[in-house]
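S.K.: Turn these sequences into a full structure, and let the hints steer you where they fit.
Residue-level listing of the chains:
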Amino acid sequence: MNRLGELERAIMDVLWDNTEPLTVRQVGLRLTNRDLAHTTVMTVLDRLAKKGVVTRQRTGRAWQYQAAASRESYVTELMMHALDQAGDRSAALASFVRRVSQAEAAVLRRALARLGEIPRD
Amino acid sequence: MLPHVLLLATVALGIVPAAAALASARWPYRSPAAAILLWQALGLSWGLAAVGTLAAVAAVHDRYGVAGGALSGAADAVRAAALGFGVSAIFAVARLCFLAAALALLTLLCWVLVAASAAVLLARRKHRTLLSLLAHGDPKVPGALVVDHPAAAAYCVPGLRSRIVISAGTLDLLDPPELAAVLAHERAHLRARHDLVLLPFGALVRAFPRSRLVHKAHVTVALLVEMLADDHALRHRPARELATALLRVGVSGAGHTPSGALAAVTGADGDVATRVARLLAPNPRLPLPAQALICAAAALLVAVPVSLLLFTF
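Chains as they are written, first to last, in the working numbering: chain A, 1 to 121; chain B, 1 to 313.
The set of hints was computed from the structure by calculation and includes no laboratory data.
Watch out, some of these pointers could steer you wrong.
Unchecked claim - Heads up, incomplete: computed chain B residues facing chain A, CB under 7 angstroms, no partners named: (1) Leu-133; (2) Cys-156; (3) Thr-244; (4) Val-249; (5) Gly-250.
C-beta atoms are modelled at their ideal positions from N, C-alpha and C, and glycine is treated no differently.
M.R.: Structural data, given as structure tokens:
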């Protein structure tokens, strides 16, 4: 992954680990082992805001930044998207296995048993 | 141009039962690539023939084909309208209406393709943004991204910056050889750009959302594309690993879908069972002459409307 992508991740991790909004300076201080210019942090935060994953608000003279949604809810969003696509076969993503009905799953479970395999779920 | 109208209409109407027959045929499982080619030819030929039939009614001669004739027809209509109304003017205006219908259908078909592509690109970009922030690598699945979620999911995000994604649930569910089979399957999708094969059929569903045949075509081609990727994975991995991977992920995913929600679009046993049966007890591939015949049929299907549209006979 490129440097910018890595920075975006690191900054998102900081925002996700802090529930209250942070200023650019506070984000910079919490980025451990990194010696980053104030403007770099600000640029990346602006990029993330443009992508819609970070929200910002003005308090006094400084902008404060916050993750638009929790890490867990983004993971859920990703998975819902992936599983939905598996249902409607839209071409955006290609799933290994299309979603199956309960009746179909029963057929598959029997097929696993015939192969001498135990379902692991 | 009556002969052109009849020929093009015959092609457009004849494709409907042909597609229905192809959708329920079983030989495509023996050579998915040839069958996909035939599906593409059917789709393209139908679009050309349907637009061509309407344009052929408007055509006044067949110099430069139906397209040339229809344009002359339009010019005649404008001239006739300028001269005032008579019997010939009424005919000319009627021809103009058919030409407008042909253009409207052509525009609709192109538009749904553009709209479907745009929707797909947008959804992928959003998905990739979240992946870049959330997913991480894992030595168990080299080259793939892992998302920490307990549900079993394995998929790829096609495109210029393609990704293969495996959920933590899948990592727990499958053993290393099965994971390797899944990766080989997804890599085949990405390398051969199977998403581009599916895109026009998805667009047709947008254009004709109520047509059962169009839905069936989309679903059938989607299954054939999966079989193509399965076949590719078999070059690197044993069939049994891929089969048990399919069964395990399939069984595990059932909990997330209301029962029967998909029954309407799937066959008796469902796609996954069909793929597994095909992996474990494969039928021989179609013999080469049969495959050549299918390719020739596909070429002819497209060549007939194209030559009627463009050339003088």
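S.K.: State for each hint whether it applies.
M.R.: Here is how each hint holds up against the structure:
1. Leu-133: 5 angstroms, holds
2. Cys-156: 5 angstroms, holds
3. Thr-244: With a closest approach of 6 angstroms, the B:Thr-244 hint holds.
4. Val-249: This hint holds: B:Val-249 lies near chain A, its Cβ roughly 4 angstroms from the closest one there, short of 7 angstroms.
5. Gly-250: 5 angstroms, holds
When held up to the earlier numbered hints, the structure conflicts with none and fits them all.
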